[in-house]
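*Asks:* As a plain string of letters, each chain reads:
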Amino acid sequence: MTVAEGKPGIVVLGSPRSGTTLLRRLLDAHPSIACPPETYLLSAAARFLHADQFAAGLRIGVVDGLAFAGFEEAEVLGRLRSMTFGFLRDYAERAGKPRWAEKTAFDAFHLAGIRRLCEGHVKFVCIQRHGLDVVASLRDLVDKTGGYVEELHAYVRRYPEPLEAMARAWIDTATAIAELAESSEHAISLRYEDLSADPQAQMQRVFEFLDEPWDDELVGRALAGTGQVGFGDWKTYARASVDRSSVDRWKALPAPVQDKLARICNPTLERLGYERIDVDEEADDPETARRRYEFGLMFNRMKGSQE
Amino acid sequence: MAVTRESLLAFLSKRTRADLTKVDDTAALFSSGVVDSFELASLMVWLEKQTGARINPSDITVDNLDSIARILAYASSR
Chain A
1 MTVAEGKPGI
11 VVLGSPRSGT
21 TLLRRLLDAH
31 PSIACPPETY
41 LLSAAARFLH
51 ADQFAAGLRI
61 GVVDGLAFAG
71 FEEAEVLGRL
81 RSMTFGFLRD
91 YAERAGKPRW
101 AEKTAFDAFH
111 LAGIRRLCEG
121 HVKFVCIQRH
131 GLDVVASLRD
141 LVDKTGGYVE
151 ELHAYVRRYP
161 EPLEAMARAW
171 IDTATAIAEL
181 AESSEHAISL
191 RYEDLSADPQ
201 AQMQRVFEFL
211 DEPWDDELVG
221 RALAGTGQVG
231 FGDWKTYARA
241 SVDRSSVDRW
251 KALPAPVQDK
261 LARICNPTLE
271 RLGYERIDVD
281 EEADDPETAR
291 RRYEFGLMFN
301 RMKGSQE
Chain B
1 MAVTRESLLA
11 FLSKRTRADL
21 TKVDDTAALF
31 SSGVVDSFEL
41 ASLMVWLEKQ
51 TGARINPSDI
61 TVDNLDSIAR
71 ILAYASSR
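Going down the list, the protein sequences come from chains A and B. Sequential numbering of the first sequence, starting at 1, is according to this note's numbering. Sequential numbering of the second sequence, starting at 1, is according to this note's numbering.
Hint data in this document are derived by calculation from the structure and do not stem from the laboratory. For clarity, every value in this text was computed on a predicted model and none was experimentally measured. We put the CB at the ideal spot given by N, CA and C, even for glycine. Possibly wrong hints are sitting among the right ones.
[Claimed, not checked] Over the 12 Å line for every Cβ pair with chain A, so calculated as not near, a few chain B residues: (1) 2; (2) 21; (3) 26; (4) 27; (5) 68; (6) 75; (7) 76; (8) 77.
[Unchecked claim] Listed next, the stretches of chain B that the computed footprint assigns to chain A, with coverage defined by at least 3 CB atoms under 8 Å from CB atoms of chain A: (9) 5 to 17; (10) 33 to 44.
Only chain B is shown next, with the shape it has when bound in the complex (with noise of 0.2 Å):
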């Protein structure tokens, strides 16, 4: 299944409880605290649901996940 940007804003808001309307796909979410380790651990488990890949640990990089863009383009490499 595609993770879209619809979808992974719908997570996200719900796990965090926060608008993410209007945040913009570059800004920094993790190295922000916007979302925490635990709602990205839960968002890895999400990805590999969605993508059915498992994630390799050597992927787990600010690089990979810090914005709804670097995201996005994580998930379609899958």
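This is chain A alone, in the form it adopts within the complex (with noise of 0.2 Å):
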């Protein structure tokens, strides 16, 4: 670590619905750490990293843009994590700590820029959960929302059945948080099925990492307090304990969904430790697929005729 004063900040990373909002609460609560809600400050800052790279090999962007007027890109890297980071340290201060954590979900899908940005300079918390949960969970903001976020648009565009988008977005950020947690020792990383089923030993070994006394009170006064109103998770204020009624929410899914999201999920599953889906190997064929849909028209009729 490079930061001379104090111990270094903390970044919260997963991918989005994967109870990084729970986890900003719990880290919250410490007496020597500030975790805002959501700022946007990490993604933007991995925004205006961004660099166009064409066939000659010449990268377009702010770092090669200013190497030309002289500015190395340690000191452009420098300033910006200068700003980033201010704001959080400014937050901690007038939260009357000394540690300052950030959380924004949709930051996993900028994590090439902000590692070049963050990467030596801070602590990385990394949380994983099953993918066709998040799936699952993702459908529902978009419900609420009644649009997607920017990160999810070529996502969208590529993959025309939503669901599968959002797998595929999942396996994208899930591998690359997957890759920081297995290469860095910087980072750590716990999973959100086991965060819910037992928070305090999960949080313990956290807070052992970040180098953090543990309080037994901790989870409590977490879920507790209502935090400070900002972006984030909204469902997580209005619980007031840990429970694991969001896990294996992905069993309500049709079966065939099921099977589709597993045959694009289970690699990724497995490679984060989750078990394997089982799925119906035989594919429709046309005419079964035909005449299962004859029998959803007919149960409706069925149904209808009950009402």
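Now that you have both chains on their own, put them together as the hints suggest.
*Replies:* Spelled out as structure tokens, the structure:
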């Protein structure tokens, strides 16, 4: 770590809808850590660093542009880091705490830029969740907001079935986060399912990694507080305890949807230590699919006649 | 091919990813929501393949399909 003053900042990373807001509340309950609601600072900084690279190998972006003006990459990154971390340091100071943490769910889509900016200067706390549960929860988010955030646009354009688009987005973000967790000694990884099953044990592990003392009241304190209002998963604020009601939600998806998503997600699920989902290997032929559709219509008629 | 209780339970358990071994044979499946209409449509396709007989639209009734016992009775009549 190169942070001269005190302990390094903390960056929470997880695919959107992986329990990052719950993790934020738990971190913020620590007497030494201030974690604001989503600031979008790091994803904005990552966008600032974005460059296009063309066939000749020339990168066109701010770092390379400023290089022609005599500013080395390290200086550009240093200035950007100073501004970005400065907001978070000031926030922590206002909260009367010595250490900041940052969590914005959609940061996971900007991991390359965030790593470039932050690696060596922060500790990363990574959280993973079962991909099909992420998809089910993302679908809820899209239903509530009525649209897709910019980070999902490329997926929705490429995959016309929205749930597949969300599954592909989960694979990319979860894989990028796993690669970070596997390669960096300054990163720790936990799973939402383990956190919701035993928040005390998981958070004890996290605070040990962060070199912060543990206190047994922390989880209760985190969930009793309403926390500062801001961007983040609204559902967590309605909960006064950590429960497992959001685990295995995917099992309520229609079986053919489960099969399709499982085929797409199984390799990544296994990589992350989740159980492989059994799939029906007998794909429907067009005649069977048509017959199933006919039955669906007949059931609707049967239900209609009962009402 | 005859539809047995075991093969029917195996099919439904796979489709619903639920443990149906403790479900009473007379318990309502469809009207109680244990099996949704999508899975019921799959069940109909499966029944046709197992019995080799086409299901008439008029046979699609709660009386014929709402429990394990009723489904087995219907399948054996095909």
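*Asks:* Confirm or reject each hint.
*Replies:* Hints versus structure:
no.	hint	in the structure
1	2	20 Å, holds
2	21	17 Å, holds
3	26	19 Å, holds
4	27	18 Å, holds
5	68	18 Å, holds
6	75	15 Å, holds
7	76	20 Å, holds
8	77	18 Å, holds
9	5 to 17	holds (count 4)
10	33 to 44	holds (count 8)
When each numbered hint is compared with the structure, no violation occurs for any of them.
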